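Q: Whenever a hint applies, use it, and build me the whole structure from the sequences.
Chains as they are written, first to last, in numbering that gives the first Met the number 0: chain X, 0 to 167; chain P, 0 to 167; chain E, 0 to 167.
Rather than coming from a laboratory, the hints here were simulated on the basis of the structure. Every value quoted in this text rests on a predicted model; they were computed, and no experiment measured them. Hints may contain errors.
To be verified - List of simulated lysine to aspartate or glutamate pairs, EDC-like, C-alpha gap at most 20 Å:
(1) Lys118(X) x Glu78(P)
(2) Lys49(P) x Glu85(X)
(3) Lys118(P) x Asp147(P)
(4) Lys86(E) x Asp147(X)
(5) Lys86(E) x Glu78(X)
(6) Lys118(P) x Glu78(E)
(7) Lys86(P) x Asp30(E)
(8) Lys86(P) x Glu78(E)
(9) Lys86(E) x Asp54(E)
(10) Lys129(P) x Asp44(P)
(11) Lys49(E) x Glu85(P)
(12) Lys86(X) x Glu78(P)
(13) Lys118(E) x Glu78(X)
(14) Lys129(E) x Asp44(E)
What the hints assert, rightly or not - In silico contact screen, one side only, chain X against chain E (beta carbon under 7 Å); selected entries:
(15) Arg58
(16) Ile70
(17) Ala71
(18) Val107
(19) Arg152
What the hints assert, rightly or not - Okay, the calculated beta carbon distance ranges per label pair:
(20) Lys129(P) x Glu98(E): 39 to 45 Å
(21) Asp50(X) x Asp30(P): 50 to 56 Å
(22) Leu19(E) x Arg81(X): 51 to 57 Å
(23) Glu78(E) x Gly37(X): 37 to 43 Å
(24) Ala136(E) x Asp50(X): 49 to 55 Å
(25) Ser57(P) x Arg100(X): 38 to 44 Å
(26) His140(P) x Arg58(E): 40 to 46 Å
(27) Lys118(X) x His140(P): 54 to 60 Å
(28) Ser57(P) x Asn13(X): 53 to 59 Å
(29) His102(X) x Gly32(E): 41 to 47 Å
(30) Gly37(E) x Arg81(X): 31 to 37 Å
(31) Glu78(X) x Gly37(E): 26 to 32 Å
(32) Ser57(P) x Glu85(E): 34 to 40 Å
By construction, the Cβ of each residue, glycine as well, lies at the ideal position given by its N, Cα and C atoms.
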Amino acid sequence: MTAIVITVSDSSFNGVREDLSGPAASDYLLDHGFDVRGSAIVPDDAAQIKDALLDACSRADLVVNTGGTGIAARDITPEVTRTVCEKLVDGVSELMRSEGRRHTHLAVLSRGICGTRGKTLILNVPGSPKGAVESLAAVIHLLPHMIDLLHGRTGHDKPSPANATPKK
Amino acid sequence: MTAIVITVSDSSFNGVREDLSGPAASDYLLDHGFDVRGSAIVPDDAAQIKDALLDACSRADLVVNTGGTGIAARDITPEVTRTVCEKLVDGVSELMRSEGRRHTHLAVLSRGICGTRGKTLILNVPGSPKGAVESLAAVIHLLPHMIDLLHGRTGHDKPSPANATPKK
Amino acid sequence: MTAIVITVSDSSFNGVREDLSGPAASDYLLDHGFDVRGSAIVPDDAAQIKDALLDACSRADLVVNTGGTGIAARDITPEVTRTVCEKLVDGVSELMRSEGRRHTHLAVLSRGICGTRGKTLILNVPGSPKGAVESLAAVIHLLPHMIDLLHGRTGHDKPSPANATPKK
Numbered sequence: 000m001t002a003i004v005i006t007v008s009d010s011s012f013n014g015v016r017e018d019l020s021g022p023a024a025s026d027y028l029l030d031h032g033f034d035v036r037g038s039a040i041v042p043d044d045a046a047q048i049k050d051a052l053l054d055a056c057s058r059a060d061l062v063v064n065t066g067g068t069g070i071a072a073r074d075i076t077p078e079v080t081r082t083v084c085e086k087l088v089d090g091v092s093e094l095m096r097s098e099g100r101r102h103t104h105l106a107v108l109s110r111g112i113c114g115t116r117g118k119t120l121i122l123n124v125p126g127s128p129k130g131a132v133e134s135l136a137a138v139i140h141l142l143p144h145m146i147d148l149l150h151g152r153t154g155h156d157k158p159s160p161a162n163a164t165p166k167k
Numbered sequence: 000m001t002a003i004v005i006t007v008s009d010s011s012f013n014g015v016r017e018d019l020s021g022p023a024a025s026d027y028l029l030d031h032g033f034d035v036r037g038s039a040i041v042p043d044d045a046a047q048i049k050d051a052l053l054d055a056c057s058r059a060d061l062v063v064n065t066g067g068t069g070i071a072a073r074d075i076t077p078e079v080t081r082t083v084c085e086k087l088v089d090g091v092s093e094l095m096r097s098e099g100r101r102h103t104h105l106a107v108l109s110r111g112i113c114g115t116r117g118k119t120l121i122l123n124v125p126g127s128p129k130g131a132v133e134s135l136a137a138v139i140h141l142l143p144h145m146i147d148l149l150h151g152r153t154g155h156d157k158p159s160p161a162n163a164t165p166k167k
Numbered sequence: 000m001t002a003i004v005i006t007v008s009d010s011s012f013n014g015v016r017e018d019l020s021g022p023a024a025s026d027y028l029l030d031h032g033f034d035v036r037g038s039a040i041v042p043d044d045a046a047q048i049k050d051a052l053l054d055a056c057s058r059a060d061l062v063v064n065t066g067g068t069g070i071a072a073r074d075i076t077p078e079v080t081r082t083v084c085e086k087l088v089d090g091v092s093e094l095m096r097s098e099g100r101r102h103t104h105l106a107v108l109s110r111g112i113c114g115t116r117g118k119t120l121i122l123n124v125p126g127s128p129k130g131a132v133e134s135l136a137a138v139i140h141l142l143p144h145m146i147d148l149l150h151g152r153t154g155h156d157k158p159s160p161a162n163a164t165p166k167k
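A: This is how it looks when you write it as structure tokens:
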């Protein structure tokens, strides 16, 4: 399973703040069986976020965005992600938030979405290293099965026993 | 309360796989006080799903779709359902997913929605018999009150004591 | 922090039913540090709800609507609110519903949304005094931080220690 991580942050793009959440997300994915093929840093700009997403979707099974999921004026990652997704998977974003509440009640403020484009799964996670990793941890057990479904490798609404992971 | 069940499945429509989830959903509704007026099997095709939904909405208080709620390429039931709904009731789909997690962590992958069209309530449930019944079971206690509301039989945001079911 | 409360109710607008939820919401906000600058009662009419929202957004940090969040024919508050919001914060509405379930299982039927317009936060709560206050209580601890974020007073996805409230 291949993955690309995109950091969305004006300050990291401008070199004002070191990008810690992108590397944290990449490390987490590497530790969980993903072949992280690349990463990028883009500012909170709709066109640049969209270009980075489209490029990444053409090259990986999983695209993770970190940053721009909040409610500050420049936070537009979810809105842009929505424009490139063919399907939204609300249950995954709900799960990131409800599990996130175990760590901080601010988790509910993340507007990060999960969706699909072709055979690629897209996941928005918050822009702090801790928030990014905690969000990934909340859904990591679902990702292999989701990627299998996108590649038509399992039955339609009918996971094979081999793919069905036991209840957490 | 009348109901119609629509199975959305290419393989059942083509006779390749027996439709088990439609009958399971119908039986569950019959056991819970619904007069199930009919059922249909349609393929994962937008126009046919939409036609079946519109026809069913003109004839029943509750329309349940089973199937096509996942993320595989052909799964489009939620997208089509959205086009016929006048209102969406996100809390009901959230509840189906969060209760579903008691049974399988894959429940969060169901993208099934709940919405209304005129006086009809529409509910998407997953395409496995187990998933369909578990989803219905998660919300069955809400349906009579919702149908009452759609028929103007209870106050606006003010259930009468007779209709207010006690906290589960 | 300034707030305006808008009651959306045909019967209260027409004087048929006393507006209890608006004053209940105002009192709750006053008790929690908000300077409630005004209130209004509008019928369940799209244009009048929208005008009231736009006017309130130009004058307050927080706008709370009470009423019109259900599924009855006239309930259109969420749909209208969506048209004035620039961003939606689904996690906040999810939290109002999931916390609301502690009080009544009908809480999941509230379709109330949370969103932002410019620097103003908008919150839809149900149209009963109890439902309105319980919904506010579920999210009140988040509101000061959200308003800070909308005013650019905290870092981007990075609440300062002073603003970061401890986990509830």
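Q: Taking the hints in turn, state whether each one holds.
A: Hints and how they fare:
no. : hint                              : in the structure
1   : Lys118(X) x Glu78(P)              : holds (18 Å)
2   : Lys49(P) x Glu85(X)               : holds (19 Å)
3   : Lys118(P) x Asp147(P)             : holds (9 Å)
4   : Lys86(E) x Asp147(X)              : violated (32 Å)
5   : Lys86(E) x Glu78(X)               : holds (8 Å)
6   : Lys118(P) x Glu78(E)              : holds (18 Å)
7   : Lys86(P) x Asp30(E)               : violated (34 Å)
8   : Lys86(P) x Glu78(E)               : holds (8 Å)
9   : Lys86(E) x Asp54(E)               : holds (18 Å)
10  : Lys129(P) x Asp44(P)              : violated (23 Å)
11  : Lys49(E) x Glu85(P)               : holds (19 Å)
12  : Lys86(X) x Glu78(P)               : holds (8 Å)
13  : Lys118(E) x Glu78(X)              : holds (18 Å)
14  : Lys129(E) x Asp44(E)              : violated (23 Å)
15  : Arg58                             : violated (26 Å)
16  : Ile70                             : holds (5 Å)
17  : Ala71                             : holds (5 Å)
18  : Val107                            : holds (3 Å)
19  : Arg152                            : violated (30 Å)
20  : Lys129(P) x Glu98(E): 39 to 45 Å  : violated (29 Å)
21  : Asp50(X) x Asp30(P): 50 to 56 Å   : holds (53 Å)
22  : Leu19(E) x Arg81(X): 51 to 57 Å   : violated (38 Å)
23  : Glu78(E) x Gly37(X): 37 to 43 Å   : holds (41 Å)
24  : Ala136(E) x Asp50(X): 49 to 55 Å  : violated (43 Å)
25  : Ser57(P) x Arg100(X): 38 to 44 Å  : holds (42 Å)
26  : His140(P) x Arg58(E): 40 to 46 Å  : holds (42 Å)
27  : Lys118(X) x His140(P): 54 to 60 Å : violated (39 Å)
28  : Ser57(P) x Asn13(X): 53 to 59 Å   : holds (58 Å)
29  : His102(X) x Gly32(E): 41 to 47 Å  : violated (26 Å)
30  : Gly37(E) x Arg81(X): 31 to 37 Å   : holds (35 Å)
31  : Glu78(X) x Gly37(E): 26 to 32 Å   : holds (31 Å)
32  : Ser57(P) x Glu85(E): 34 to 40 Å   : holds (37 Å)
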